[in-house]
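Chains A and B are the protein sequences, given in the same order.
Position 30 of the first sequence, counted from 1, bears residue number 39 in my numbering, the numbering being contiguous throughout.
Position 15 of the second sequence, counted from 1, bears residue number 17 in my numbering, the numbering being contiguous throughout.
Do not rely on the hints blindly, as some may be mistaken.
Selected chain B positions facing chain A (Cβ under 7 Å, derived; list incomplete) [stated by the list, open to error]:
#1 Y12
#2 G44
#3 L45
#4 L92
#5 I104
#6 G108
#7 A109
#8 G110
No wet-lab data here; the hints were simulated from the structure.
Backbone N, C-alpha and C fix where the C-beta goes; we use that ideal spot for every residue, glycine too.
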Amino acid sequence: KNQVEQSPQSLIILEGKNCTLQCNYTVSPFSNLRWYKQDTGRGPVSLTIMTFSENTKSNGRYTATLDADTKQSSLHITASQLSDSASYICVVSARDSGYALNFGKGTSLLVTP
Amino acid sequence: DGGITQSPKYLFRKEGQNVTLSCEQNLNHDAMYWYRQDPGQGLRLIYYSQIVNDFQKGDIAEGYSVSREKKESFPLTVTSAQKNPTAFYLCASSVLTPGLDIQYFGAGTRLSVL
Numbered sequence: 010k011n012q013v014e015q016s017p018q019s020l021i022i023l024e025g026k027n028c029t030l031q032c033n034y035t036v037s038p039f040s041n042l043r044w045y046k047q048d049t050g051r052g053p054v055s056l057t058i059m060t061f062s063e064n065t066k067s068n069g070r071y072t073a074t075l076d077a078d079t080k081q082s083s084l085h086i087t088a089s090q091l092s093d094s095a096s097y098i099c100v101v102s103a104r105d106s107g108y109a110l111n112f113g114k115g116t117s118l119l120v121t122p
Numbered sequence: 003d004g005g006i007t008q009s010p011k012y013l014f015r016k017e018g019q020n021v022t023l024s025c026e027q028n029l030n031h032d033a034m035y036w037y038r039q040d041p042g043q044g045l046r047l048i049y050y051s052q053i054v055n056d057f058q059k060g061d062i063a064e065g066y067s068v069s070r071e072k073k074e075s076f077p078l079t080v081t082s083a084q085k086n087p088t089a090f091y092l093c094a095s096s097v098l099t100p101g102l103d104i105q106y107f108g109a110g111t112r113l114s115v116l
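Chain B extracted, bound-state conformation (with noise of 0.2 Å):
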């Protein structure tokens, strides 16, 4: 079954602590991205890979770190440097060529703050 998987679904995280959000796909997509969705706001970028071992940070990438060790995994972390990390986080990935370029989302995780 081909596509792209989040986990957790949902995630719960005490202050001063980092979690971690995993993104696996086996599309064989290079290109992989990390959407921030808050309520009423489109997504916003917070990174971005286009290659195994390099990323590049989006619009909003403080407070937040990622690594590409494999071309399937693309896991993100919430820092404690992130003050406001409450709301849903998308993970996407799609091939590199121009017009092509469709992102395939995944489910979807929901972080909030206790």
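Only chain A is shown next, with the shape it has when bound in the complex (with noise of 0.2 Å):
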């Protein structure tokens, strides 16, 4: 069965720090893997899409990394602002499943001044 776990489920941290985000899947075959930002109330927003020859890629302060041999993606957040507070979600999709998109649980990220 096709899985996507992301841990932790929580996080608090000081507006400054950095922060580490992790993504297991078990979604196969794989096809490419995208972490999702969505605040309180309001629809994700990509931040960035990762296929299988790609193992890091920057969105601005976001940096996604992918190590496709252990099924594993993390996302990167360096000098957090209060805007950052949001969820976080994981989403991978398998190779020829079309419409297909499993999606984690989320990470719930609330950054403090």
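Assembling the complex is the task here: the two chains are given apart, and the hints tell you how they should meet.
Spelled out as structure tokens, the structure:
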């Protein structure tokens, strides 16, 4: 069964600090992995998308890594800001699956002053 | 201003009533999707459509219906058969090209039962 597990479930950090969110998946055959940011009460917004051949991708202060061999991804946030407080969702798609995306439950991040 | 527009933002349903959630996109995307999000849960696919006048059931289609009469529009009806409709509903759209099919989401509709 295709699964996406994210950790930690929630995280609180001080403004200006760095943090790393984890995503482990069992989706096969792997096509691509996406990270989304979802503000409370809003729709998710795409941060990065990585295919099998990519092992790192950055979007401003967000850097995603992918290890397709161990089926793990991480999202690193540098110099956190209060506006980074949100839920971060890892999404993995399988090759030839068309519509089917496998969503993690998300990591809820709170950045405090 | 391009994007996906969902309406209403909040919706209340009485027992036995059908309600329809609107989703419109002006991104010229072929594919559109409806998801349900419950607290502490990942998004679950209700229905999706890759072309006008055609749509497919997702993982939790029971109690829901959709139509795709226009490329831009993909309304979702929550029928009285859906016994637990309280949730946050998200509409998304994407191109069909593999690897470029990032889904763009609307702002969501929060449905509650009176």
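Quick rundown of the hints versus the structure:
The closest approach between the C-beta of Y12/B and any C-beta of chain A is roughly 10 Å, which is over the 7 Å cut-off, so the hint fails. Because the closest C-beta pair between G44/B and chain A is about 4 Å apart, less than 7 Å, the hint holds. Residue-level restraint check for L45/B holds (minimum Cβ-Cβ distance to chain A is 4 Å; threshold 7 Å). Using the Cβ-Cβ criterion of 7 Å, the hint placing L92/B at the interface with chain A is satisfied: the shortest such distance is roughly 5 Å.
With a cut of 7 Å, the hint placing I104/B at the interface with chain A holds, because the nearest CB-to-CB distance is about 5 Å. Proximity of G108/B to chain A holds as hinted, the smallest CB-CB distance being about 5 Å (cut-off 7 Å). A least Cβ separation of about 5 Å between A109/B and chain A falls short of the 7 Å threshold, and the interface hint therefore holds. Contact between G110/B and chain A, as hinted, is supported at the beta carbon level, the nearest pair being about 5 Å apart and thus within 7 Å.
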